[in-house]
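Number of protein chains: 2
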Amino acid sequence: MSKGSFAEMNCPIAQTLERVGEWWTLLILRNAFSGMTRFDEFQQHLGIGTNVLSQRLRSLTEDEILTRTAAPDDGRAFEYRLTERGLALYPILIAMMEWGEKWVPNPKGPRMKLVERGTGEPIAGICVHSADGRSLQPHEIAAVAGPAADAKTHELSCYSLPV
Amino acid sequence: MSKGSFAEMNCPIAQTLERVGEWWTLLILRNAFSGMTRFDEFQQHLGIGTNVLSQRLRSLTEDEILTRTAAPDDGRAFEYRLTERGLALYPILIAMMEWGEKWVPNPKGPRMKLVERGTGEPIAGICVHSADGRSLQPHEIAAVAGPAADAKTHELSCYSLPV
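If you read the protein sequences in the order shown, they are chains A and B.
When we follow the working numbering, the leftmost residue of the first sequence carries the number 1, and every step to the right adds one.
When we follow the working numbering, the leftmost residue of the second sequence carries the number 164, and every step to the right adds one.
Treat the hints as calculated values from the structure; they're not laboratory data.
All figures in this text were calculated on a predicted structure; none of them were measured in a lab.
Each hint should be verified, as a subset may be incorrect.
With a straight-line Cα cutoff of 27 Å, these simulated DSSO-like cross-link-like pairs (lysine-lysine) come out [stated by the list, open to error]:
no.: 1; chain 1: A; residue 1: Lys113; chain 2: A; residue 2: Lys102
no.: 2; chain 1: A; residue 1: Lys3; chain 2: B; residue 2: Lys166
no.: 3; chain 1: A; residue 1: Lys108; chain 2: B; residue 2: Lys271
no.: 4; chain 1: B; residue 1: Lys166; chain 2: B; residue 2: Lys276
no.: 5; chain 1: B; residue 1: Lys276; chain 2: B; residue 2: Lys265
no.: 6; chain 1: B; residue 1: Lys166; chain 2: A; residue 2: Lys102
no.: 7; chain 1: A; residue 1: Lys3; chain 2: A; residue 2: Lys152
no.: 8; chain 1: B; residue 1: Lys271; chain 2: A; residue 2: Lys152
no.: 9; chain 1: A; residue 1: Lys152; chain 2: B; residue 2: Lys265
no.: 10; chain 1: A; residue 1: Lys152; chain 2: B; residue 2: Lys315
no.: 11; chain 1: A; residue 1: Lys113; chain 2: B; residue 2: Lys315
no.: 12; chain 1: A; residue 1: Lys3; chain 2: B; residue 2: Lys265
no.: 13; chain 1: B; residue 1: Lys315; chain 2: A; residue 2: Lys102
Distance windows between CB atoms, simulated [stated by the list, open to error]:
no.: 14; chain 1: A; residue 1: Ser5; chain 2: B; residue 2: His302; range: 28 to 38 Å
no.: 15; chain 1: A; residue 1: Thr50; chain 2: B; residue 2: Arg231; range: 35 to 45 Å
no.: 16; chain 1: A; residue 1: Gln137; chain 2: B; residue 2: Glu204; range: 17 to 27 Å
no.: 17; chain 1: A; residue 1: Glu121; chain 2: B; residue 2: Pro270; range: 40 to 50 Å
The beta-carbon is built from N, C-alpha and C at its ideal position, and this holds for glycine as well.
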């Protein structure tokens with residue numbers, strides 16, 4: 001069975017998953033956020049098949065999440081770099097990192113820590129805020145249909161998270 | 164080719180993806196966050212095959228992201244509800260929703276809006292903060308190896324996001 005496409009779904013989460021939701025893609029992006037740029041480096045670090053890696057990098061480039069340019073020191077090699085659109089994905093990766101550290105911990109402690117690049121100070125992390133700056137828990141938030149909502153979104157907004 | 168497993172990777176993002184990174188899973192969770200609980204409702208709303216839906220719900224239940232209990236009004240039906248561990252995934256979905264609305268917009272406007280449940284006021288959204296409460300951009304953040312880091316994580320932390 002084909003895994004199907006979310007491209008026709010009028011939902012921002014589905015549209016994001018259509019671009020970054022394939023198996024391997026978010027780990028490729030994790031490495032791009034760390035500063036990795038070369039095909040061979042991604043391939044070696046991830047232990048991923050070259051066909052899959054090629055396909056994922058091509059999709060990310062077509063979707064303007066990465067740019068692909070010739071490496072300055074080697075005309076046969078290419079460098080993949082995050083665009084502004086790609087850099088804007090960082091809250092997704094940070095949210096996944098925080099969840100994994102908290103809910104699937106390594107008994108020896110944190111595997112990765114996020115720090116401010118300028119100072120090395122640990123960052124506070126990700127937070128969902130109200131308009132007046134309060135931290136919001138999932139039960140305090142509801143998704144409502146916007147002006148571009150379709151029938152599926154209206155259907156979802158009739159439900160309510162049980163408390 | 165099998166898509167492979169990230170279970171052996173000592174990385175919090177890989178461990179999160181191992182639990183919620185399969186195709187369809189985050190849309191099932193989107194619906195669970197909206198308050199949907201029944202197999203038939205998920206199946207009808209998502210237009211997903213029953214085999215795939217069964218497999219995804221079973222995985223999410225085994226990973227203690229959802230609980231599965233008999234429906235009070237119909238002994239043959241089951242209800243799937245988010246656990247505390249599952250509710251803690253909400254920043255991932257909100258980050259995906261924000262990215263999709265901004266970078267793959269619908270010309271008619273927002274498809275979904277997040278509001279405070281008590282007041283209906285729009286929320287400010289997701290933010291990555293420093294310890295002293297400043298909003299941080301991707302170039303201001305670095306991932307460094309923690310005490311439980313393995314060789315792969317140390318390797319990644321030798322790179323640096325180009326500015």
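Verification of the supplied hints:
no.	hint	verdict
1	A:Lys113 x A:Lys102	holds, 12 Å
2	A:Lys3 x B:Lys166	holds, 12 Å
3	A:Lys108 x B:Lys271	violated, 50 Å
4	B:Lys166 x B:Lys276	violated, 34 Å
5	B:Lys276 x B:Lys265	holds, 12 Å
6	B:Lys166 x A:Lys102	holds, 26 Å
7	A:Lys3 x A:Lys152	holds, 20 Å
8	B:Lys271 x A:Lys152	holds, 16 Å
9	A:Lys152 x B:Lys265	holds, 20 Å
10	A:Lys152 x B:Lys315	violated, 42 Å
11	A:Lys113 x B:Lys315	holds, 14 Å
12	A:Lys3 x B:Lys265	holds, 26 Å
13	B:Lys315 x A:Lys102	holds, 20 Å
14	A:Ser5 x B:His302: 28 to 38 Å	holds, 33 Å
15	A:Thr50 x B:Arg231: 35 to 45 Å	holds, 40 Å
16	A:Gln137 x B:Glu204: 17 to 27 Å	holds, 24 Å
17	A:Glu121 x B:Pro270: 40 to 50 Å	holds, 42 Å
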